[in-house]
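Put chain W with the ligand on the given structure of chain P with help from the hints.
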Amino acid sequence: MSDTANPPKAAFPFIKIDAGGRASLTAVRCKACGSWYAETHRLACARCGKREFETAEPTLTGKLHAASIVERGFPGTPTPFISAVVDLDDGPVLKGMLRGVACKPGEIPHGRRVKVVFDDALGRKDAEGNSYVSHFFEPA
Amino acid sequence: MSQDVYITGIEMLKFGRYPDRGPPQLGAEAALGALDEAGIAIADIQAMYAGSVFQSMIGQRILQQIGQTGIQVVNITNACATGAACVREGWIAIRSGEYDTVLCVGVEQTTGMGLLGGAKTGPIPTDGLLGSATMPSVFGEAGIEYAAKTGATIEDFAQVAVKNHHHSTMNPKAYLQKETPLDVVLNAEVIAWPVTKLMCSVNVDGAAACVLMSERKVKELGLMGQAIRIRGTALASDPWQERDPTMPDVNTVTRLAADKAYAMSGVEPGDIDLCELHDCFAPIELPHYENLRLCEDGAGVELLRSGATELGGRIPVNVSGGLLSKGHPIAATGIANLYELSLHLRGKAGDRQVAGAKIGMAHVVGLGTCSAVHILEKA
Ligand SMILES: [Zn+2]
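Protein sequences appear in the order of chains P and W. Residue 1 is where the first sequence starts when you use the working numbering, and the numbers rise one by one after that. Residue 1 is where the second sequence starts when you use the working numbering, and the numbers rise one by one after that.
This is chain P alone, in the form it adopts within the complex (with noise of 0.2 Å):
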């Protein structure tokens, strides 16, 4: 019987895990014009279509640009969750589930100051047993 225990792995490319299993953002600059791009390789830019990149941590913070509440799902994601679009203060927008507040409108208002925390993708695993680490947004 081998060990199936591996650490986790990010869920996604923009989240980096370190040795110690800490996890944060990643992502590219361009050195043209600024823009951010949630991706870790990148052939030119969307915005100018310059090639040069740097690969830059975005900050931890930003600001919720809207939201859904969403009742009907893929099957397999329990309802309700708050989908979020989260412009972050130094950083790509990004897009995952709000959490920590009640699924309710008043909670979701334009401009909600918010964080992101990593967790547990919601217990999802691969073919290989595999778990991961997922952002999530949080009230900051």
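Hint data in this document are derived by calculation from the structure and do not stem from the laboratory. One should not assume that every hint holds.
[Unchecked claim] DSSO-like, lysine-lysine: derived pairs with alpha carbons at most 27 Å apart:
1. P:K104 <-> W:K260
2. W:K260 <-> W:K149
3. W:K197 <-> P:K104
4. W:K14 <-> W:K378
5. P:K63 <-> P:K31
6. P:K16 <-> P:K50
7. W:K14 <-> W:K219
8. W:K358 <-> W:K378
9. W:K149 <-> W:K14
10. P:K63 <-> W:K149
11. P:K9 <-> P:K104
12. P:K115 <-> W:K358
For chain W with the ligand alone, coordinates are given in the frame of chain P:
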């Protein structure tokens, strides 16, 4: 001679459920209707532009039903702008001088497809972790963005549904033909707040087709009496926006297409007598009033509340019932919009006729993202 391009025959099937027929049969029936109205046969068609989002080689499969003549067929997929892109490509083909008579067809069967919008694939399901990729969520979030900017309320969004569902009661080819009072819309099942079920377009089966002709051909066949002139046609892709690709922006791309179509046509926004716009989800109709220049920026809510966009108002919008109520068979929608305009421009829209309509605008948005705008006028 003018290089104008005209619609001389146009048809749409009643949107609904066709469990016993496939997309080629539906497309074929619409195509035959368009040919019959133009008084020509399939042998007269020199090229075909056919669209379906969920079918491949739909054009050839339609010709297998109505006549395989060996003509050029181009199959187009452009999300919800598929049908409109077929018309745009047909227009370009005629303007190039290569052809005089072109057939455009859009067809889709979406019954039973449920929530559209794919969660990205990966080692684990991403729905929820990346927020929601369902269309009601995406457009609900676009509505909330608009509300934060303008003060639009969920009641305003619901009122769009009330209006368009009301319009559909006068359209025998609409899928739903049912009044939905405000409280019924607001109390319907919430799919993704602020979007309730009655604020979502309906997955249906449908097809629409049109015959395009050069001015030379229209005159040769003596069809000017029924011809509809394409005054403006434009197709745009989404220019970069700061929230790409996380949050699709249907506004900038619509403005781009609308402004191109206005410039080409020489028509002013005030000249538009009716508009069929892409109300795939009720909230998005409001920003599109502004995007299509039907009102000043920020005045979309006021335009709705004033009643101007109802039948009988200054600029009736979606008198067909719109996608919300007529239904949204994706690739057929763009041509079905032109069908609706053509009825009004010819004075044949029955109970929902926009009195004295001379110029109409049709708009679609395909998420991903593209937008097409057409401006039509009775020849
Ligand atoms: Zn750049």
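Hints, verified against the model:
1. P:K104 <-> W:K260: 41 Å, violated
2. W:K260 <-> W:K149: Judged against 27 Å, a Cα distance of about 26 Å means the pair holds.
3. W:K197 <-> P:K104: Holds, at roughly 18 Å.
4. W:K14 <-> W:K378: 23 Å, holds
5. P:K63 <-> P:K31: Holds, because 24 Å separates the two Cα atoms, which is no more than 27 Å.
6. P:K16 <-> P:K50: At roughly 25 Å apart (the allowed maximum being 27 Å), P:K50 and P:K16 satisfy the hint.
7. W:K14 <-> W:K219: This hinted pair is violated, its Cα atoms lying about 31 Å apart.
8. W:K358 <-> W:K378: 6 Å, holds
9. W:K149 <-> W:K14: 38 Å, violated
10. P:K63 <-> W:K149: 15 Å, holds
11. P:K9 <-> P:K104: This hinted pair is violated, its Cα atoms lying about 32 Å apart.
12. P:K115 <-> W:K358: Given pair P:K115, W:K358 is violated - Cα atoms ~54 Å apart, limit 27 Å.
Hint check: violations occur at hints 1, 7, 9, 11 and 12; the rest are consistent with the structure.
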